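The whole structure should be built from the sequences, with the hints applied where relevant.
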Amino acid sequence: MDPLVGLMRRFALDWLGRADVDACAGIMAEDYSILIGGHTLAGREDAYIPGTLAQLHRFPGLLLSVQDLFTDGDRVAMRFTEHGPSEADDMAPAAWGGIGLFFWDGERLTRNVTEEDYHSRRRQLAERVSDPVESPAPAPWAALPQAADPAAEATVRTWLERGSLDGLVVDDGWTGQPTPPLLDVTGVAVGELFSAGDRVAFQVVQTGRYLGGLPGTDGAEGREASMSVVGMVTAGADGTVTGRAVRDRVGLRRAVRA
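The sequence shown finishes on residue 258 if you use the working numbering, and the numbering steps up by one all the way, no holes.
In short, the hints are calculated from the structure, not lab data. These figures come from a predicted structure and were not determined experimentally. Each hint can be trusted.
Quick list of simulated restraints, FRET-style, between CB atoms:
id	residue 1	residue 2	range
1	GLU107	PRO215	42 to 48 Å
2	TRP141	GLY38	26 to 32 Å
3	THR110	GLY219	41 to 47 Å
The beta carbon of each residue, even a glycine, is placed where N, CA and C say it ideally should be.
Right, dumping it as structure tokens:
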């Protein structure tokens with residue numbers, strides 16, 4: 001097993017799967033940080049572990065299923081579903097997707113840039129009906145590092161700069177839920193982008209005018225706002241880009257309602 005992929009396996013199974021705080025020191029560096037939903041939790045002991053434990057306690061017995069994973073040997077992109085019952089909602093279950101980009105120092109994880117589809121989770125808990133769990137990858141921990149492909153990165157960077165996510169399955173769209181564009185994008189800031197062969201992972205912040213479509217935002221159309229997007233895509237030789245992405249819909253809704 002590749003060492004970085006093996007570390008991700010420990011992260012998923014020993015830490016998130018068992019909520020074993022004692023395992024964290026061997027998996028994450030002391031200054032480990034996560035950027036999620038526009039907020040950074042910096043410091044393994046002081047910020048990250050308490051923040052993550054709050055979710056693990058809210059969803060006792062939380063499981064993480066991995067749908068996709070690739071690595072260049074220095075970084076890992078992982079698409080996953082977290083699923084379990086919510087103690088705060090009379091144990092109603094939910095299953096929500098996420099995409100995380102992880103970085104290491106050769107021994108432990110140093111940082112993580114992630115978006116999770118909390119908007120979908122809210123919908124499921126409100127309706128008391130869980131989405132299905134998407135089929136897991138048959139062997140995610142068997143992934144081997146692939147060399148970076150500058151051409152694939154250039155293709156995806158150019159595509160991202162257009163501001164459209166056309167060609168991607170976003171958020172919970174794979175279940176049949178509507179996932180229309182939410183911003184008339186006027187600017188794109190690329191925060192992260194790396195490749196493993198023709199597979200490319202990215203995190204961007206889109207800026208533009210809000211188009212509407214999120215609950216409780218009537219009258220907010222036209223407001224300037226920003227939204228983080230994390231994706232895992234494949235760059236085609238013909239310039240096409242396909243794959244998956246998760247948008248921070250909860251953060252966008254909060255911003256346009258402020």
